[in-house]
Structure formats: structure tokens, C-alpha cells
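Given chain A, put chain B in place with the hints provided.
Residue numbers (UniProt numbering), protein chains in the order written: chain A, 1 to 303; chain B, 1 to 269.
Hints in this document: simulated from the structure, not taken from any laboratory. Virtual Cβ for every residue (Gly too), placed ideally from N, Cα, C. There's no promise every hint is true.
What the hints assert, rightly or not - Only pairs whose alpha carbons sit at most 20 Å apart, straight line, appear in this in silico EDC-like list of lysine to aspartate or glutamate:
#: 1; chain 1: B; residue 1: Lys222; chain 2: B; residue 2: Asp212
#: 2; chain 1: B; residue 1: Lys4; chain 2: A; residue 2: Glu107
#: 3; chain 1: A; residue 1: Lys17; chain 2: B; residue 2: Glu162
What the hints assert, rightly or not - Per label pair, the in silico range of CB-to-CB distance:
#: 4; chain 1: B; residue 1: Ser45; chain 2: A; residue 2: Thr57; range: 52 to 62 Å
#: 5; chain 1: B; residue 1: Asp211; chain 2: A; residue 2: Ile230; range: 31 to 41 Å
#: 6; chain 1: A; residue 1: Pro92; chain 2: B; residue 2: Arg173; range: 43 to 53 Å
#: 7; chain 1: B; residue 1: Asn98; chain 2: A; residue 2: Tyr39; range: 46 to 56 Å
#: 8; chain 1: B; residue 1: Asp211; chain 2: A; residue 2: Thr57; range: 17 to 27 Å
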Amino acid sequence: MAQTAKTTKSSYHSRKKLFGIGMLYLSPALLLLGVFLFYPMLKTLYFSFFEVSGGGTIEGWVGFGHYVELFQSSEFRKSMVGTFLFVLYTVPAEILIALFLAVIASEKLKGIGFFRTVFSSTLGVSVAAGATIFLFLFHPSLGVLNSILGFVGIDGVEWLTSSKWALVSVAITTVWMHIGINFIILLGGLQNISKELYESADIDGAGYFQKLFKITIPMLSPVLFFVIIIGVIGAFQTFGQIDILTGGGPAGSTNIIVYSIYLEAFSYGNFGFASAQAILLFIIILIVTIIQFRIGEKRVHYQ
Amino acid sequence: MIKKIILYTLLILSSIILFFPILYAVSASFMTPQEIYAGKLLPSSINFDAYKNVFERVPLLHYLTVSFWVSFIVMIGQLIVCSLSAYAFVFIPFKGRNLIFFIFLATMLIPWEATIIPNFLTILNLGWVNTYAGLTLPFFALPFGIFLLRQHFLTLPKELWESAQVDGCSRFRFYLRFALPLSKSSLSALGIYGFLTTWNQYLWPLLVTNDDTVRTVQIGLKMLIANESSSSWNLVMAGVVTILIPTLLLLFIGLKYIREGLTAGAVKG
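One chain only, chain A, in its complex shape:
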């Protein structure tokens, strides 16, 4: 009797000690996430209900005022339409191109390592550097893109200076920059598909495209799902290329959500209104990710 009481007590102590040790190892991460992620997330929510000036001084309670204003503002509606268009312009294109590159680079050929390195290279290009190169390529008078178009007999495009084309131009830049990472992940996925599947398909006399659509794409679906998710989230978070290429213009046509938050907070000093936009960004990403997981569960084929 006394024996069991003693063991329960000591196991209670050892469990408590274990918990302490675990927390000790976790403490740097908990502290940092607390200060730089949990606290600011709650603070953003708090700010969104107040009028907050540029220095962070709270000037008065507005309740849901900022949110109501957001839904009524035609400017913000334009920003949201732009954001969703941007996701639509970038995500399918960057994945299809990277998939194509991964398929042709997965063949065992002489010198394939060189091509794989080239296709991965844009991962090493920073947002600022990539956007600066395209700023030059898109230049109205010096830009080489218009020279090439002119050479083939097509009129030059007003890449960054017309509100019709600016978002497309930013999207082209973004697609180019994202190809590297998508290529690396998709190539890894392709190489994980078992060779036996292809061998038995060969015995059945399946052609190249039959194998592509009957084996490669279905077996690749978990990885495709992963790149779609990171692609969509990444598109919602776009900032650097907009700051360098267009500054949100012309006429607000590229003022997509994160840039809009930045302008509202750090150019106009409306921390409260900007916080409401930030909360909306969080909710949108949450909903879009949940929807993708719901659809993904049904469509994705796991081995």
C-alpha cells in the first residue's frame, strides 16, 4: 500500500520534472512566437476595432466601423478583385510551367544536371533583383521585350504604365520567380514515383501521354496539392515586386492586399483601418486553405 503511494508520488514528480525539461527546450520558441506572432495577431485584432494613428496611439473605439467601411469602399473592392485575379494569373501558370519543366527534366539524359540547375535557378533570385530585371525588360522605351515584339511585327505593350496590363506584368514577373521552387518540389515528386509502374505500363503498350495522364499526374497529386497551397498563400502575400515595379499603380490596379495594408499603415498612418485589412487577409487565407484541403482530400491520391 505504502509502496504504491510512493511510486505514484514519484511518477507524479518525474512527470512534472519531464514537463519542466520539455518546456525548457521549448522556451526559446515559445517566447519568440509569443512576442512576434501570437501577441501581434491579437493586437492586430484589437487595433482593428479602434482608430489608431501612425505612432500606435489609440484614438477611439469604432467597433466594426473599419470592417463596414472596407466592404463599402470601392477602392478596397478593387484591391480584392486585383488580389484574386493575381492568384488566378500566377498559380496555374507557375505550376503548369514548372510541371512541364519537371517532366522533361526527369528523363535520364546526358547533361540533365545542367538543365535541372538552370530550371531551379530562379529560387536564388531575390524579389528585389528579379523585379528590377523585369522593370528594365518592361521599360517603355529601352525595354527589350517591346523590341522583341517589334521585331516580330507586334506593337509594343504598355507593360507597367497601363492599368490594363500592369497586373499581368507583375504576374509574369512573379511566375518567373516562382518557377524555381515549384520545379524543385515537382521534380522531387516525379522521382519518387516507382519505376515499376512505368515498366508494367510499357508491357501493356501504353504510350507517352497515356503514361503521363494515367500514372504521372495521379501519382504526383499529393505534391501538386502541396505546390498549389504554397502558391496560393504566396500569391496572397505578394509585396516586393509590386513595390519595385508599380508602387500599386497605375490607378490602384496593382494595389493588392498586402501592398494595400502597407500603404494604409505606413504611408497614410491609419493603423486601425490597416489592421482590419490584415485581419481580413488572415481570414481569407484561412478559408482558402480549408477549402483547398476539403477538395484536396477527395482528389488527392495517396500511395
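Here is chain B on its own, set in the frame of chain A:
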């Protein structure tokens, strides 16, 4: 045979199109301003004037040094903080660890951009504007990194820890002597990933620096465009090529690790 020819044609064409922007930037950095105005594709001769000038016009070397230190500090900080947490999640069976791990995973859904306003105020109130601390400390705890290392630690044989315990090895010693050395590939993947993403950061350095003390190279590039793009695109391109070289080199050297690390994350995730 025909398949090979088609494949090589596709590979070569794709490489040219994809690499064209970088090649053209290199080419333009060797041109004279006149050649750029003439819309040439290639310079008539290789001249390094633009490189010489760009280092004189803006403190590019200083920006590069700052970027290097910022990326290096974040990389080391992430490796330490993330590996300690991952170690706790795998090797210390304390109560509630699954719940905490789940919370850590869930934070991956919070877009960092949604938190910049209070974070900016925190840095402002701590007096950390224009300091290395303000640029680096917020990024040490990376939930993705914790996840990546946890997945790797899970693959280490349990018997190893059991026999180490019998030999009287302490938890911390086991972490240093066994867990870390046996995870070199994942640590390298995370290290390279951390270094590259920090080097490429744009929004945060833009907010927490307002003079040259710790200005990173990405924001330096924005300054360079503002000052020079009206006249000297060869100079701007020389700046771009200069800041591309370190990351492209790192990428080419570390590609193997990144591929292994990211693929594991994608497949297991």
C-alpha cells in the same frame, strides 16, 4: 532517338527562355549607356565600368556585408531554436506536447504580413529600429523549421536514445552528440532555406531600417533604382548581378540538400 532530339530541343529552348532575364541583366551590365539606348542585346566589348561605378555611387559592399550578417544570424538562430523545439517534441515525452506541436503547426496558417503593424511597434518601442536585433530576432522561431527537423528526428532509431540513457548520457549531451550530427542533411536544408529567405527579405527590412547602418542589399537595390534608373541602367544591372551572385552560388552548391529537405516536407506533409 527522335524522342531524344525532341527532349533536348525542349530542354534547350526552355533553358534559354527561363534564363534570358538573368543573361540579359549580365549582358546589360557590361554595356555602355549608349548601347543600352540603342537597344542592343549584347555589349560590343566587356567593360567593368558599371561595376566600378556602382560600388562608388552606393555603399554596395556595406549592404552586402549587412545582408550576409543578417542572413547568417537568422540561419544560426533558426537552427538552434528549431532544433531545440523539435528535440523536445521527439525525445522528451512530456504531457501536452502533441497539443503544443499542433499549435505550432497551426501558426503556419498565420501570414506574417498580417502581424507587421504590432511587430513594427514592438521594434519601435524596444528602440530596435536600424539594429541587427530588429532585423533578425523575429525570425528565429520558424514553425516550418521545427516541423522539418521533427520529421527527421522521428526517423532516428529509438534504441540509440535508450542505450545512451543506459550509459548515463544526459539529454542535452544526446542532443549535441547524436541528434544534431545525425541530422546533417535536414539541418543543411533548413540552414540554406533560412539563409536564402532572409537574404531575399524585402518588406521587413524596408520597415525597420531608415538609414544605411544596417540597410540590406535588397533595400539598397531599391535606393539604387531610385537614384540611377533614369540614366544608368547598366549601373543598376551591375548592382543586380552583384547581389545575385551570392545566392545563386549558394543555391547551386546547396541544391542537393534543398531538394532532399523540401521533397521530404512535401511528401510527408
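Now for the hints, and whether the structure bears them out:
1. Between Lys222(B) and Asp212(B) the alpha-carbon distance is near 13 Å, which keeps this suggested pair within the 20 Å criterion.
2. For the hint linking Lys4(B) to Glu107(A), the alpha-carbon distance of about 9 Å falls within 20 Å, and the restraint holds.
3. Restraint check: the Cα-Cα separation between Lys17(A) and Glu162(B) comes to about 19 Å, which is no more than 20 Å; the hinted pair holds.
4. The beta-carbon spacing between Ser45(B) and Thr57(A), approximately 59 Å, falls within the hinted interval of 52 to 62 Å.
5. The hinted range of 31 to 41 Å is satisfied by Asp211(B) and Ile230(A), whose Cβ atoms lie roughly 35 Å apart.
6. Hint check: Pro92(A) to Arg173(B), Cβ distance near 51 Å, so the stated range 43 to 53 Å holds.
7. For Asn98(B) and Tyr39(A), the hinted distance range of 46 to 56 Å is not satisfied, since their beta carbons lie about 24 Å from each other.
8. Range check, Asp211(B) to Thr57(A): Cβ separation about 24 Å, and the 17 to 27 Å hint holds.
Violated hints amount to a single one, hint 7; each of the other numbered hints is respected by the structure.
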